[in-house]
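Enquirer: One letter stands for each residue in the lines below.
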Amino acid sequence: MRNLRLRAWLCGLLAFAWTAPAMAQCTIRIGGSVTDSETKKPLYGATIVVKENGQITKSNEKGQFIIDGLCPGNYTIHISHIGCLPVELSWQVSGDERRNIALPHSVTQLQEVAVTGHAAKEVTTAPVESLSGRELEKTRGLTLGEALKRVNGVTAMTTGPNVSKPVINGLHSNRVLVLNNGIRQEGQQWGSEHAPEVDPFLANKLVVVKGAGALRYGGDAIGGVVLVEPRELPVKPGMSGEVNMSAFSNNRLGALSAILEQQVPAVPGLSWRLQGTLRKGGNTRTPGYWLDNTGVEEYNFSAAAGYKKKQYGLELFYSQFNTNLGVFEGAHIGNRTDLEQAIKQGRPLSQYTEGFSYSINRPYQHVAHELFKVKGYVNTGNAGKLNLVVSRQFNEREELDYNSALSVNRMNLFLTTWTGELLWDHKSWNGLRGTIGASGMYQKNSYQRRLFIPNYESRQWGVFWTEKWESADNKWLFEGGVRYDNKEYYNINDNTNDIAYETQTYGSFSGSAGAQFRMTDNFHASVNYARAWRPAGVNELYAYGLHHGTGTFELGNAGLKAEAANKFNLGLHYDLGDKLEADVNLYYNKFSNFIFLQPTDSIVVSIRGSFPFMYYTSADATTKGMDAQLRWRFLPKWQLTTKASVLRAWNDDINDWLISMPSDRFEHEISFFPGNTKRLKNNYFAISMQNVTKQTRIPADPKNPYDPAGQDLIPPPDAYNLLNLEAGSTVHFGRQPLSVILGATNILNTRYRDYMNLFRYYADEPGTNVYLKLKLPLIFGKKSS
Amino acid sequence: MKRIFTSRNCIAIFAAAAVLAFSACKKEKQGDHEHENENEEITTVKLTFTNAATPAEKVIATWKDMDGTGGAAPQITPINLKANTAYLLATELLDERKNPADNVTEEIEEESDEHRIFHLFFVNANAQVTDSVTTAATVTPLDKDVKNLPVGLQVHVATKGGFKGYFRMVVRHQPTGKDGTYGPGSSDAQAEFPIEIK
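If you read the protein sequences in the order shown, they are chains A and B. First residue of the first sequence: -19, per this note's numbering; consecutive thereafter. First residue of the second sequence: 110, per this note's numbering; consecutive thereafter.
Among the hints, a few may not be true.
Unchecked claim - To list a few chain A residues with every Cβ distance to chain B over 10 angstroms, as calculated:
#1 Gln44
#2 Lys101
#3 Arg316
#4 Gly335
#5 Ser339
#6 Ala363
#7 Trp456
#8 Leu560
#9 Ser586
#10 Gly589
#11 Arg628
#12 Tyr741
#13 Leu754
#14 Ile759
Claimed, not checked - Residues from chain B that face chain A, not an exhaustive set, calculated with beta carbons under 10 angstroms:
#15 Thr152
#16 Asp176
#17 Thr178
#18 Gly180
#19 Asn233
#20 Ala236
#21 Val238
#22 Thr239
#23 Gly286
#24 Gly289
#25 Tyr291
#26 Ser295
#27 Ala298
#28 Glu301
#29 Glu305
As the list claims (entries may be wrong) - The following residues of chain B were derived to be distant from chain A, with all beta-carbon distances above 10 angstroms:
#30 Asn160
#31 Lys191
#32 Asn208
#33 Val255
#34 Asn257
#35 Lys269
#36 Gly271
#37 Pro284
#38 Thr285
#39 Gln299
The hints are simulated quantities; they were obtained by calculation from the structure and are not laboratory data. Remember, it's a predicted structure, so these values are computed and weren't measured experimentally. Where is the CB? At the ideal position from N, CA and C, for every residue including glycine.
Starting from the given sequences, assemble the full structure and let the hints guide the process.
Expert: Written as structure tokens, this is what we have:
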């Protein structure tokens, strides 16, 4: 019944969207500066052409240019100036961005300048970083969580070699939103061993918004937002595609992904895309032993179709993600005594480290995720653009323990989510551009067999308004927004009707404000403030039962209040184009009701044995830290990249550190660019070192303050250093390019354990892993219609 | 061809596709509302000690947790045995929420090559397995699986001198690597009783 009503409501909206008046274009603005790569002086009067729509502009006396009114999409930008070699670059536009472009002098042709080496920067006051192009190619074949580790300040919370969740400045799970093709990923994201069900091959760009500034995606992104953005559907007639292949030596993992897309020449505006991925890997090897039953298999596909006209457009998208993940038997813990036993051994028993195999046996997890999305837009006169997005997601998770006659050895969770969003982007009004929107969600969860999360239904709605203003000289940028959200959990019960909870409602405001001052073309400073809040998650409210893997009994707290945060960011950015780029982001977050799982020394006795009792509670907390990075071409062909990420997280209520926070980490990379030959282009060699310090800031055990393990079972693992090598090139066979990356991680086969990996109790991290990644773009000859 | 793909038709096709896809989700996989709930948890562990010399003399101890994991704590009868005496110990696992009570012991017998029941003595409650003591009694399994490895549903317990501590019954589930030792697999069931031998 409720579904029916929702559908009727959506239909009405759709009908309205179709009949609304139409005129004018989109609202995205791109810009930047054009300089002479030799003299570093700004170039006045350079011509900038958007080849797709013929928009032309010229740079002003400071070399600056602005192109307004673009829709999201891939554009080819042609920049030319007298006395310089023209440059053409492809620019994937999804939001306001800036890019500084250096034009090579026509007289000095000694070296070709790789303009693409310097990526576009999002124009926003919030700290935003993205992976695209070469940087993204380097992550092909990895899971989303592992790929995002390339972004400074993002770490991963892992459970063995296959399950990896992004952690943004120490915050994760319910605090990080993942947007898969614009839709909030709704899986069982509360679990530390539940990775996001997203195929990273779908993405042409991965964007991380640190902090809570991204109001349009939800007010509850206390930690940040991860955007998985596919490229826009093609607008140029013709068929094209791309094949990606990755192979890894350690677990003999192979990944194959292909994309095929076409703008149908016979029907202007109609385009489609098919994409599919297969991934299969076997047991992982640590230095010294194999981890049995750690194989993974994944099969994903998606299909998209779009019909775009100047005044309106419609897009359909469907995707499916399926995976089977082996659970390492040596980490499959029956009860607390077993866990202590496993820790005492120091390394897994030999029957769990026998050798390589691709087969996945019990215990294992099966996860399937399905997304269906419809997006439509109508241009609303000179005023702006109206967008409507409706989606349905279905998530199924099955956790199978050992086959056993004695106990409930399976857990199945089913989660269905409907979302709808109506947005209106308004065009520049006295320099002010913004978006007004409303969103709604309905969700239903049910379980079978073992209870951990009850059955529930949930309704959420929100309204928001964000605005952005740029001064005419581009020196100043101001941003601000407010959002109100309301979320309700109801019909909360278990299958035997022993448990029934009362309806729970949360509602509050979130907001953000920021300013950016662009002192020169090379330097800008941003400040950003956000207030964010999130309703307590279902696990925090209603968890009841054994959490396998950690061997603990977890109890939710139905009385938890919403978690709120005041977040401050200061960002400094200095940039000399290809030569040098330096970035510093400082943050300070003050939380009230920060929700976390509190270990205790009491024990729950059950037939499965005795389990330490843990419960959800909240406290006031403070996190602060810094993400800094430097990229410096210290010699014409040599580049140094250094990243540092530092975090301090404090529980203000008990005056001690917060548990399970990533330690400080540093990364240094030296790259050598030997230059292009006729067949080999974009060549590079790189050596990098990762340094992860020991986490010494952990909460003390109140009963035994000198115990180095604190409230944990073991002290945090020692610091470690990893050495990695990589080389890449784009090989040209006639007109056919083939991008090749060959590398190895942990080349010294260092033995180590990581504090953010649940496996730190049982086993070492993987050893050396050699990989090969190939990307083959496909261009099919145009057929005359 | 071209005439079919007019913009109006296209919209119609998209709309039709959208309607189809959205109505398709009616057959949600959880749609059938019978919530499967296998309540196979063991509620009761029953230990029967029979004096080997005088079979009429029996000591019966039970460990009972009717509301499952969490909730009320289990009810446990303490065990009192005589020093320097030989007992035959039979271990039974029951699900008493079912009527009549489900005897789970039979399922262990059926999968005896995947299970091993241990009976351990400890000085302290909830101690680590490695802290188990052999000073209280000698435990010898009497039953064997197809591979001639002990099962432990029937054991011989020869008590030694006086002892006060804890007696733990553990069902180890060892689908791979059962070799007679405690190590492989995980614990399916575990019950601990206070014990006094005097």
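Enquirer: Hint by hint, say whether it matches the structure.
Expert: Going through the hints against the structure:
no., hint, result
1, Gln44, "holds (39 angstroms)"
2, Lys101, "holds (36 angstroms)"
3, Arg316, "violated (8 angstroms)"
4, Gly335, "holds (13 angstroms)"
5, Ser339, "holds (12 angstroms)"
6, Ala363, "holds (23 angstroms)"
7, Trp456, "holds (43 angstroms)"
8, Leu560, "holds (49 angstroms)"
9, Ser586, "violated (4 angstroms)"
10, Gly589, "violated (4 angstroms)"
11, Arg628, "holds (35 angstroms)"
12, Tyr741, "holds (14 angstroms)"
13, Leu754, "holds (34 angstroms)"
14, Ile759, "holds (24 angstroms)"
15, Thr152, "holds (7 angstroms)"
16, Asp176, "holds (8 angstroms)"
17, Thr178, "holds (4 angstroms)"
18, Gly180, "holds (9 angstroms)"
19, Asn233, "violated (12 angstroms)"
20, Ala236, "holds (8 angstroms)"
21, Val238, "holds (6 angstroms)"
22, Thr239, "holds (7 angstroms)"
23, Gly286, "holds (4 angstroms)"
24, Gly289, "violated (13 angstroms)"
25, Tyr291, "holds (8 angstroms)"
26, Ser295, "holds (3 angstroms)"
27, Ala298, "holds (5 angstroms)"
28, Glu301, "holds (8 angstroms)"
29, Glu305, "violated (20 angstroms)"
30, Asn160, "holds (28 angstroms)"
31, Lys191, "holds (28 angstroms)"
32, Asn208, "holds (15 angstroms)"
33, Val255, "holds (16 angstroms)"
34, Asn257, "holds (19 angstroms)"
35, Lys269, "holds (24 angstroms)"
36, Gly271, "holds (26 angstroms)"
37, Pro284, "violated (5 angstroms)"
38, Thr285, "violated (6 angstroms)"
39, Gln299, "violated (4 angstroms)"
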